[in-house]
Each structure stands twice: as C-alpha cells, then as structure tokens.
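Protein chains in written order, with my numbering: chain A, 44 to 231; chain B, 701 to 877.
In short, the hints are calculated from the structure, not lab data. Be careful, since some hints might not be right.
[As the list claims (entries may be wrong)] Looking from chain A toward chain B, a few residues come up when the C-beta cut is under 7 Å (computed): (1) Leu63; (2) Trp66; (3) Val103; (4) Leu104; (5) Pro105; (6) Val107; (7) Tyr113; (8) Val115; (9) Trp121; (10) Pro154; (11) Gly166; (12) Phe173.
All of these numbers come straight from a predicted model, not from anything done at the bench. The beta-carbon is built from N, C-alpha and C at its ideal position, and this holds for glycine as well.
Here's the letter readout for the chains.
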Amino acid sequence: MKIDTLHRHEAGHEDKNPVLSWWAGGIGIGLVLIVAVGLVQPIGVSTQYVVLDGVLLHNVLPDVASRSSYLVKTAQGWTLATYEFFFVLGIPLGALVAAMATARFTTRIVPIEWRRRFGSNPGSRLVWSFVGGFLLLFGARFGGGCTSGHMISGISQLAISSFIFSAALFISGIITARVLYRDGGSRC
Amino acid sequence: MLMLALGLALGGAFGALLQLSGTSSHTKIVNALRLKDLTIMKLILMVIGVGLMGVHLLDLFGLANMKVKELYLLGIVIAGVIFGVGFALTGYCPGTALAACAEGKPDAWVTVTGGLCGALVFAFLFPEVEEHLLAVGRYGPVTIPGLVGIHGIWLAAPLGIVCVWLATRLPMSGGAR
Chain A
44 MKIDTLHRHE AGHEDKNPVL SWWAGGIGIG LVLIVAVGLV QPIGVSTQYV
94 VLDGVLLHNV LPDVASRSSY LVKTAQGWTL ATYEFFFVLG IPLGALVAAM
144 ATARFTTRIV PIEWRRRFGS NPGSRLVWSF VGGFLLLFGA RFGGGCTSGH
194 MISGISQLAI SSFIFSAALF ISGIITARVL YRDGGSRC
Chain B
701 MLMLALGLAL GGAFGALLQL SGTSSHTKIV NALRLKDLTI MKLILMVIGV
751 GLMGVHLLDL FGLANMKVKE LYLLGIVIAG VIFGVGFALT GYCPGTALAA
801 CAEGKPDAWV TVTGGLCGAL VFAFLFPEVE EHLLAVGRYG PVTIPGLVGI
851 HGIWLAAPLG IVCVWLATRL PMSGGAR
C-alpha cells in the first residue's frame, strides 16, 4: 500500500508533464518546421551528434578524425558555428527555459514505467539508457535521419524513404515496448 | 551570425514545445509505443498534417527549401528497426533526449552519451555499410508526387487534412492493456 502511494505520488509528478495540449504542441512544432523550410531548410537533429563527435575528436586526435571520410564530410571544416548546430543547441536551451518557467525539473534516474517492470536499480536503467542511446544514433545515422529529419521533415515533404523509415521505427518500437514492458502497469 | 541566431531561436522554440507538450517524458513515449496513451500519436499526426500543408503551400509559391532524403530500401528498413529498439529502450529520440537533459534527467544524459558513441562508431563503419547495405534498392531522393509526376500540393493537402482529422478522432488512451 505504501509503495502504491509512492508510485501514485511520482506518477502525479510525471503526469504533470504536458502543459500544452497535443494539438497546441502539434501546431506549434508544425509552424517551426514551416518557418525553417521557408527560411533555411527542413529541421534535423541526429547529424549534429556526428558533427560534435568530429569536432571533439579532431581537437584531440586530428589524424584519426581525418581518416573517416564520413566525419570529414559531415563536420565540414571541423566547426560548430553553423546554423544546423545552433538549431540543435537551441533545443536544450529552449527546454531549460520551458522547464524553469513551469517548475518541472526532476533528477529521477529511474522512470515510473521502467521501475514497475525492472525495479528501482539506477545502475541497470543507466546501462540500458546507454545501449538504447547507442542504437538510436546508430540507427538514425544509418537511415540518414531521426524522428525530426525523417518523420517530421521527411513525411511533410512526401519523401518515400521517410515513410518507410517511420513505419519500420514504429513497428520495431511497438514490438520492443510490448516485449520489454509486458508485465508492467496494471492501472487500466 | 544572423544564421546562428536564427538557428538558436528556431531550435529554442522547438525544444520548448517538445518539453511543454510532454514528448521528453519516458512515460509518455513508452505508453505511446504500448498503445496505452495515444497523446503522442495525436501530436505527431498534427505536426505532420500542419507540416504537409504548410511546406507544400510554400512550395507552390517557390518559397520552400526542400531537402529530401535518399531512399535505399534495405538500409532504411534495418536502420528504422534499430532506431525503434533504441526508442523503446530509452523512451527518447535524439531530439527529445536533449530536451530531457535540460530537465535534469540523468538517464537522458546517459542516452545522449550513448548516442555520441553510436554516431562515432557509425562514422567509422560507414564505408563498409555503404558498400554492402546502402547499395541495395538505391533510388536516390524520391518523393511520391515526384514519382507520380504531379505537384506535391495535390497529395499534401488531402493527406494533411486526413492527418489532422485522424489526430482529432484518435482517442487519448488506447485499448491495449
């Protein structure tokens, strides 16, 4: 019973999460895309992980960085002073301002649904977060885009590759979530 | 300089919207994939609906800076499957992980670190991947209207309306338990 109250309390904390309704958020993000396409280019995030990798590696081991044609091509001129990188830099800054304005910071390591299924061990959550993050960016670079570049920008341009990538992503994500969290959550 | 400021402003708006609409929450994403809470699905449909109509309306007047990604059938499917597993494991995507970092979530910091490693490994594996997997079913940057041979607006307008309609019709919570 005590554990249940604890869960309820924390659930309350994460349920506070959406301040904006789905339609307001959706229209807002759609408008950001339209302005970006009108002024510069469609939005994208995952390429900048490669750019940051390239610039960091080039600072420490320039020879090694130059050996990868992919790094050389992506991190053009080994600089972070580009529109694309500053767009991605803006994401955490905007989120920081939003979280500050609505007092929604949290330093919880283990999210509720994860704890329901796998317990509250922070070590395992962090290890699997690393593995998951690795797969996310490996997959995104392999496919040439992520949720932003493929799903939002790509489908809005009716690009065939983006429809296929998004379908594969959702099917795989839904199956993985089914398998991963199958015993969790009996609140329905 | 102006471009950097513009990037920061647009990215900032994007990040704030991601945070405020709950997309940087592990719970929201995982329950969307479990089909228990469809709020995120409704949001994505709305984004795509608005995006489809807006982008192609700009394009009608020659004002859109399009950038279409290449199609390589086998590689795209494998990549999407790998991405999906990471999406369900972390509850974040590359963009929302950054927003979640700013909220102070330690697992998001680790996700971003893992992401930087994954991107680096891919960068060094790329010549191999390109030679063996990207060559299969490679068609270049194709779009549906390009293939059919009509202007995109004729498809984007009805499809956009369908997306917005679906977004409003979809229930908030799914039937799956």
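Status of the hints after comparison with the structure:
| no. | hint | in the structure |
| --- | --- | --- |
| 1 | Leu63 | holds, 4 Å |
| 2 | Trp66 | holds, 6 Å |
| 3 | Val103 | violated, 12 Å |
| 4 | Leu104 | violated, 12 Å |
| 5 | Pro105 | violated, 15 Å |
| 6 | Val107 | violated, 9 Å |
| 7 | Tyr113 | holds, 4 Å |
| 8 | Val115 | violated, 10 Å |
| 9 | Trp121 | violated, 13 Å |
| 10 | Pro154 | holds, 4 Å |
| 11 | Gly166 | violated, 11 Å |
| 12 | Phe173 | holds, 4 Å |
Consistency note: the structure conflicts with the earlier hints numbered 3, 4, 5, 6, 8, 9 and 11.
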